[in-house]
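Heads up: the protein sequence lines correspond to chains C and W, in order.
Every letter in the first sequence is one number past the one before it in numbering that gives the first Met the number 0, and letter 104, counting from 1, is 103.
Every letter in the second sequence is one number past the one before it in numbering that gives the first Met the number 0, and letter 43, counting from 1, is 42.
Simulated from the structure, these hints should not be mistaken for laboratory data.
From a predicted model like this one, the values you see are computed outputs, not experimental measurements.
Some hints could be false.
Stated by the list, open to error - Simulated coverage check for chain C against chain W, where a stretch passes if three residues somewhere in it have a Cβ under 8 Å from a Cβ of chain W:
| # | region |
| --- | --- |
| 1 | 10-22 |
| 2 | 25-31 |
| 3 | 81-88 |
| 4 | 108-117 |
Said to hold, decoys possible - If you anchor each label on the Cβ, the simulated ranges turn out as follows:
| # | chain 1 | residue 1 | chain 2 | residue 2 | range |
| --- | --- | --- | --- | --- | --- |
| 5 | C | Glu-6 | W | Asp-139 | 30 to 40 Å |
| 6 | C | Lys-68 | W | Asn-107 | 23 to 33 Å |
| 7 | W | Glu-109 | C | Glu-18 | 17 to 27 Å |
| 8 | C | Asp-74 | W | Ser-39 | 15 to 25 Å |
| 9 | W | Gly-40 | C | Thr-95 | 42 to 52 Å |
| 10 | W | Glu-122 | C | Thr-95 | 20 to 30 Å |
| 11 | C | Thr-109 | W | Pro-54 | 23 to 33 Å |
| 12 | C | Thr-20 | W | Thr-81 | 18 to 28 Å |
| 13 | C | Thr-109 | W | Glu-11 | 51 to 61 Å |
Yeah, the Cβ is synthetic: ideal placement off N, Cα and C, and Gly gets one too.
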Amino acid sequence: MDADIEELRSGYLNKDFDEVTFQLDATRMAEYAKVCGEIDPKFTDPANDDFQAPPTFVSTLVGGKTLPKDLPRPDGVGMDAGKYVEWMSPIRGGATLVGKTHLHDIYTKTGRSGRMIFFVTRMELFDGDSHIANADTRTVFREKSSE
Amino acid sequence: MSDSVENITDVEFGVELPAFAPDTSLENVKHHGEFIGWGSGRFVDHEIARSQGFPGAIVPGVMSQGFLGAMIHRWAPNAVITAIDTVFRAPVLVDQPHKINGVVTDINEEEGTVEIDISITNEADETRVFGTATARLPVDGTQ
Numbered sequence: 000m001d002a003d004i005e006e007l008r009s010g011y012l013n014k015d016f017d018e019v020t021f022q023l024d025a026t027r028m029a030e031y032a033k034v035c036g037e038i039d040p041k042f043t044d045p046a047n048d049d050f051q052a053p054p055t056f057v058s059t060l061v062g063g064k065t066l067p068k069d070l071p072r073p074d075g076v077g078m079d080a081g082k083y084v085e086w087m088s089p090i091r092g093g094a095t096l097v098g099k100t101h102l103h104d105i106y107t108k109t110g111r112s113g114r115m116i117f118f119v120t121r122m123e124l125f126d127g128d129s130h131i132a133n134a135d136t137r138t139v140f141r142e143k144s145s146e
Numbered sequence: 000m001s002d003s004v005e006n007i008t009d010v011e012f013g014v015e016l017p018a019f020a021p022d023t024s025l026e027n028v029k030h031h032g033e034f035i036g037w038g039s040g041r042f043v044d045h046e047i048a049r050s051q052g053f054p055g056a057i058v059p060g061v062m063s064q065g066f067l068g069a070m071i072h073r074w075a076p077n078a079v080i081t082a083i084d085t086v087f088r089a090p091v092l093v094d095q096p097h098k099i100n101g102v103v104t105d106i107n108e109e110e111g112t113v114e115i116d117i118s119i120t121n122e123a124d125e126t127r128v129f130g131t132a133t134a135r136l137p138v139d140g141t142q
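Start from the sequences, fold in the hints, and give me the full structure.
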């Protein structure tokens with residue numbers, strides 16, 4: 000692994016840098032489900048007895064910061080390279096969730112256009128003491144090739 | 000064979016999930032922007048998106064991920080998606096027809112879980128989004 004990436008990893012991984020509270024709105028959850036093509040009333044009808052958000056809804060919960068404020072930014076513009084959701088229990092309308100965010104991974108890939116640096120930001124979502132989901136965002140910065 | 004499955008024993012290795020046509024219309028993306036977010040220029044205005052170097056307005060990644068989750072729920076209404084990973088390889092363009100695809104690549108009947116390769120392709124059959132999902136289905140009628 001490149002020395003600069005080792006240094007970033009040792010300095011920034013697994014340290015919470017953001018905390019946000021979300022008050023979940025059932026209408027917003029249902030509208031997300033419908034635009035995505037869900038048809039089960041447990042996702043689309045807030046009046047359903049088992050109403051809950053589709054697991055991918057947690058990807059829409061965005062914290063105040065996507066990267067630590069003091070993280071040295073690579074050159075270029077960060078692009079959203081992907082999202083990962085780990086679901087643990089149902090996400091209900093009206094719930095109050097707390098999202099705690101840390102850098103979960105930093106790694107590189109090298110292609111013909113140069114090195115790409117990936118930052119994996121993980122938001123751990125809690126409903127009270129219950130850890131109910133993880134939402135990861137991969138942000139990629141493409142470095143310009145020196146050749 | 001039915002287009003949907005109820006239990007883990009109904010799942011066949013290698014089966015392709017029945018897909019629906021995801022609604023990538025500007026109207027639907029604007030609706031997403033209004034209620035959910037990602038309602039800024041590049042998502043809801045073709046001209047602004049072109050001025051930023053895109054071929055046209057782009058579907059938010061969170062919406063693309065949602066299309067793939069909905070495909071799994073339609074195929075297996077009793078399934079719980081416990082993990083879904085999506086890589087945004089290239090933009091999904093607004094107002095362009097796309098296909099969503101899913102193939103079962105692993106089955107664990109004891110645990111009641113399936114692994115599914117998922118993707119979104121455009122009319123030229125180019126992959127725009129790809130990834131994997133894990134879903135848990137009832138074993139012997141129980142979750």
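Tell me, which hint numbers fail for this structure? As far as the earlier hints go, 1, 4, 5, 6, 7, 9, 10, 13 are violated by this structure, in ascending order.
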